[in-house]
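**Student:** Heads up: the protein sequence lines correspond to chains H and L, in order. Heads up: the first sequence runs through residues 1 to 110, numbered per my numbering. Heads up: the second sequence runs through residues 1 to 114, numbered per my numbering.
Treat the hints as calculated values from the structure; they're not laboratory data. Check the hints yourself; a few may be wrong.
Claimed, not checked - Taking lysine-lysine and the BS3-like style, the derived pairs with C-alpha atoms no more than 25 Å apart in a straight line are:
| id | chain 1 | residue 1 | chain 2 | residue 2 |
| --- | --- | --- | --- | --- |
| 1 | H | Lys-26 | L | Lys-57 |
| 2 | L | Lys-71 | H | Lys-97 |
| 3 | H | Lys-59 | H | Lys-37 |
| 4 | H | Lys-97 | L | Lys-57 |
Said to hold, decoys possible - If you want the footprint, here are the derived chain H segments under chain L, 3+ residues with CB under 8 Å:
| id | stretch |
| --- | --- |
| 5 | 28 to 36 |
| 6 | 39 to 48 |
| 7 | 95 to 106 |
Cβ coordinates follow ideal geometry from the N, Cα and C atoms, glycine included.
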Amino acid sequence: QQPVQSPQAVILREGEDAVINCSSSKALYSVHWYRQKHGEAPVFLMILLKGGEQKGHDKISASFNEKKQQSSLYLTASQLSYSGTYFCGTEGFMGGKLIFGQGTELSVKP
Amino acid sequence: EAQVTQNPRYLITVTGKKLTVTCSQNMNHEYMSWYRQDPGLGLRQIYYSMNVEVTDKGDVPEGYKVSRKEKRNFPLILESPSPNQTSLYFCASRLQGAGNQPQHFGDGTRLSIL
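Sequences and hints are given; from them, build the entire structure.
**Tutor:** Below, the structure written as structure tokens:
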């Protein structure tokens with residue numbers, strides 16, 4: 001079952017913050033986050049494993065609430081280079097099936 | 001350079017004409033997977049392979065076949081393509097089947113079936 005991402009799209013000014021949410025109805029082992037620029041392949045950002053961990057990657061961080069089967073991606077002090085479509089991917093305990101959400105389109109304006 | 005290579009990058013063909021999209025990785029990864037991407041639907045998994053000779057269906061396997069005879073190669077076969085298979089296809093690989101590994105994507109193959 002495809003995870004649900006929200007919002008579907010967001011427009012920011014440089015320096016503003018954003019949060020992208022990813023919610024699943026299934027028990028999760030891991031949540032992946034990827035960013036895709038127009039016309040390019042998705043690029044890996046980070047993986048969060050069950051255990052409610054939080055990870056950071058420069059000014060981009062994420063959390064995973066395993067009780068709620070939800071993950072959030074936090075983008076702080078956004079830069080023009082953050083523009084693109086963000087996908088969360090969820091995987092259960094059996095492994096192998098990485099199911100992606102429908103994506104969140106992020107546009108950062110000067 | 002570590003990479004996942006897909007060929008062709010673009011293909012326009014006609015309904016019913018069998019085609020194969022090749023995927024090769026040079027990272028000695030055990031796990032490989034195919035996705036299709038359509039506007040508003042995100043990336044949907046077609047098939048995946050946990051290792052050589054081990055393949056399994058993803059969420060949208062109808063109309064597709066795969067094989068994994070060698071570790072580095074994972075071709076996607078459309079035996080009788082139809083217009084609803086017009087899409088952008090991505091191959092991906094990761095070190096192992098466990099869900100704690102990042103996936104590396106190829107550059108994509110844009111298929112148009114008329």
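**Student:** Holds or violated: the stretch 28 to 36 of chain H covered by chain L, criterion of 3 or more residues with Cβ-Cβ distance under 8 Å?
**Tutor:** Holds: 4 residues of the stretch 28 to 36 of chain H have a Cβ under 8 Å from chain L.
**Student:** Need the status of pair Lys-26/H, Lys-57/L: alpha-carbon distance at most 25 Å?
**Tutor:** The hint holds at about 19 Å.
**Student:** Assess, step by step, whether the Cα of Lys-59/H is no farther than 25 Å from the Cα of Lys-37/H, and give holds or violated.
**Tutor:** 18 Å, holds
**Student:** Is the hinted pair Lys-71/L and Lys-97/H satisfied, with a Cα-Cα distance of at most 25 Å?
**Tutor:** 19 Å, holds
**Student:** Given the hinted pair Lys-97/H and Lys-57/L, is their alpha-carbon gap at most 25 Å?
**Tutor:** 9 Å, holds
**Student:** Using a Cβ cutoff of 8 Å, are there at least 3 residues of the stretch 39 to 48 of chain H near chain L, or does the coverage claim fail?
**Tutor:** That given contact holds, which follows from 6 residues of the stretch 39 to 48 of chain H lying within Cβ reach (below 8 Å) of chain L.
**Student:** Verify the coverage statement for the stretch 95 to 106 of chain H against chain L, using a C-beta to C-beta distance below 8 Å and requiring 3 or more qualifying residues.
**Tutor:** holds (count 9)
In this structure, every one of the numbered hints holds.
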